[in-house]
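Visitor: The residues making up each chain are set out below.
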Amino acid sequence: MIGALLAAPTALVTDNWWDIRDLSNLSGAILDLIEDAGGPGWLTYVVGALLGTLGIVSFIGGVAIINIWIERRVVGRMQSRLGPNRVGPFGLLQPVADAIKLMQKEVLQPRVADGLVFTVAPIAFTVPGIALLAVIPWGRNMVLADLDVGIVFLFAMSSLAALAVFIGGYGSNNKYALFGSMRVIAMLVTYEIPIVLSLLGVVMFAGSMNLNQIVLFQADNWLFLIMLQPLAFLIYFLSSSAELNRTPADLAEAESEIAGGYHVEYSGMKFGLYYAAELINAVAVSTIIATVFLGGWWLYKIDEIVPGWMIVIGKIYAVYFVFIWTRGTLPRFRIDQLLAFAWKWMTPMAIINILLVAGEVVLWEETGWSAGLLLPLYIAINGAMTAVLIVAWVRVMAPKFQRYPDRPRMYDGIDVPSLPAPASIGPTAPGAAPARRATV
Amino acid sequence: MIDDAGIVVAFWILSATTVICALMVAAARNLIHAVLFLALTFVGVAGIYIVLSADFVAVVQVLIYAGAVGVLMTFAIMLTPGADRLNSSTVFQAPALVLSALVLAVIVFVALDTEWAISDRQAFSATARSLGEAFLKPYIVPFEVASVLLAAAMIGAIVLSREEPEDERAA
Chain A
1 MIGALLAAPT ALVTDNWWDI RDLSNLSGAI LDLIEDAGGP GWLTYVVGAL
51 LGTLGIVSFI GGVAIINIWI ERRVVGRMQS RLGPNRVGPF GLLQPVADAI
101 KLMQKEVLQP RVADGLVFTV APIAFTVPGI ALLAVIPWGR NMVLADLDVG
151 IVFLFAMSSL AALAVFIGGY GSNNKYALFG SMRVIAMLVT YEIPIVLSLL
201 GVVMFAGSMN LNQIVLFQAD NWLFLIMLQP LAFLIYFLSS SAELNRTPAD
251 LAEAESEIAG GYHVEYSGMK FGLYYAAELI NAVAVSTIIA TVFLGGWWLY
301 KIDEIVPGWM IVIGKIYAVY FVFIWTRGTL PRFRIDQLLA FAWKWMTPMA
351 IINILLVAGE VVLWEETGWS AGLLLPLYIA INGAMTAVLI VAWVRVMAPK
401 FQRYPDRPRM YDGIDVPSLP APASIGPTAP GAAPARRATV
Chain B
1 MIDDAGIVVA FWILSATTVI CALMVAAARN LIHAVLFLAL TFVGVAGIYI
51 VLSADFVAVV QVLIYAGAVG VLMTFAIMLT PGADRLNSST VFQAPALVLS
101 ALVLAVIVFV ALDTEWAISD RQAFSATARS LGEAFLKPYI VPFEVASVLL
151 AAAMIGAIVL SREEPEDERA A
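In order, the protein sequence lines correspond to chains A and B.
Be aware that the first sequence starts at 1, since it is given in our numbering, and climbs by one per residue.
Be aware that the second sequence starts at 1, since it is given in our numbering, and climbs by one per residue.
Just to be clear, a hint being listed does not mean it is correct.
As the list claims (entries may be wrong) - Stretch by stretch, here's where chain A covers chain B in the computed footprint (C-beta under 8 Å, at least three residues):
| no. | segment |
| --- | --- |
| 1 | 31–43 |
| 2 | 65–74 |
| 3 | 127–133 |
Bear in mind the hints are in silico, worked out from the structure with no lab data behind them.
Ideal Cβ placement from N, Cα and C applies to all residues, glycine included.
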């Protein structure tokens, strides 16, 4: 149930309340104190929920501040720049300065904007990303809401973001904002399908939708689910970076085309909230990947020495680094490329992956062979299938490379003015340049 | 487990929110505002499901209704040419009032007339296995019928929105 902070002692840590290696000790002690004092049941429940929420919100607050610096420094390093390095040592105080600047700015609101909707949108965009972290297990007993349907809860929260972005664009009463939010919705609706299908494979292997059970499955079988499900991991990673609106897929805020997208009219701390929400969502997705594919608080024998929540945070930053890496190196997709990528590549691959997993799980359950024999076999099979599928799909589906496209890709009705013949490129004479159809 | 007082308070807060939002759906002049209130109503109903320990239904309610249906309705409104006219210009006000009064009367009658038995059964455990078995054993026919219905709706949408190719239009 939501709010049930478990307080059972573990083998690793003492159950003294001051033992910060498992923070559920502290909250458990507080809750026991209330119960011993004869407090009513609902008070325990409310205090438990508040304590867990306080932990998550303070974690998120710190992360949102620090990650601005990390992201700018790492991207700077990748692009041979310095990044912020003036404010404080190594530029560490730059996010603080940014926050002060944002808070001082006037919060402008267009006269024709839809006032209430305009104000609610950034809040509605931020809340699901934080709420999503409630079901993440931070340690063996450290989970705020031990939901049996944890994975579906994650989908539900990420689907709420679509409506929030839409009302932001609609409430601004600005063409570019509406374009931006329409692009976000198209992407969110499209990429929801591969995301759900890829995590379905994980759920089938683990046999549970409870995130703590998924971590325990990995701990019991001494492996990370990324080994069993490399294809699902790739699909989830690529789809979620599209859903996060990060650089390979940030055409919702494509500055050069639509002037910043859905938050073009926002300023001051309302814009700051959008900016923070993007960082929060990136951390939330990194957390999901760290928990579902990389074993969460479990790390072979190391989780007996190091507290679980530190392992989780370490894994979150390992995944987050890869997100920054893709952001720093990849150019932006075009909208039709991005949507075609989801429908023609991700979704079929995810369905093939699910068929494969279903066969493997049925074989495992029906024959009753030992996991020690079958799982290494499955790791080999799934790894090979991932490589074969990706190579085969590229061979079959990839469009031929065209330096000069002979037809407009997006829409057939547009008149494309014929380009001048490419005289300077290639050894052919100007007259022998390949003929291109101007209109279709 | 949770104390009774907490459940009651949560139930009343959620019910009040849900009912007020549902009233605002009817009262709001702006259709987009009506859809947003509808999404809030869905979230409130999901909260009531949580109070009833039906976690899976609650989460699916948020996923499908507040997430997907809300977005679908905003798109439907934006694609409808006359969406920005006021509700007051319709001629169906009186019949609509009569119909909604009848629906309300039927629901109130059913609610008062039914003997609400309290079940001793434990809450349905929404694990992946039990959900899968429920879908594919006792409820296989509704499950398949729903998927056929959705496929038919999808084909219909494609037929409606597909543009005729140029050469067919000329012929």
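Visitor: So, for every hint listed, does it hold in this structure?
Guide: So, going through the hints one by one against the coordinates:
no.: 1; hint: 31–43; in the structure: holds (count 4)
no.: 2; hint: 65–74; in the structure: holds (count 6)
no.: 3; hint: 127–133; in the structure: holds (count 3)
In summary, this structure violates none of the numbered hints.
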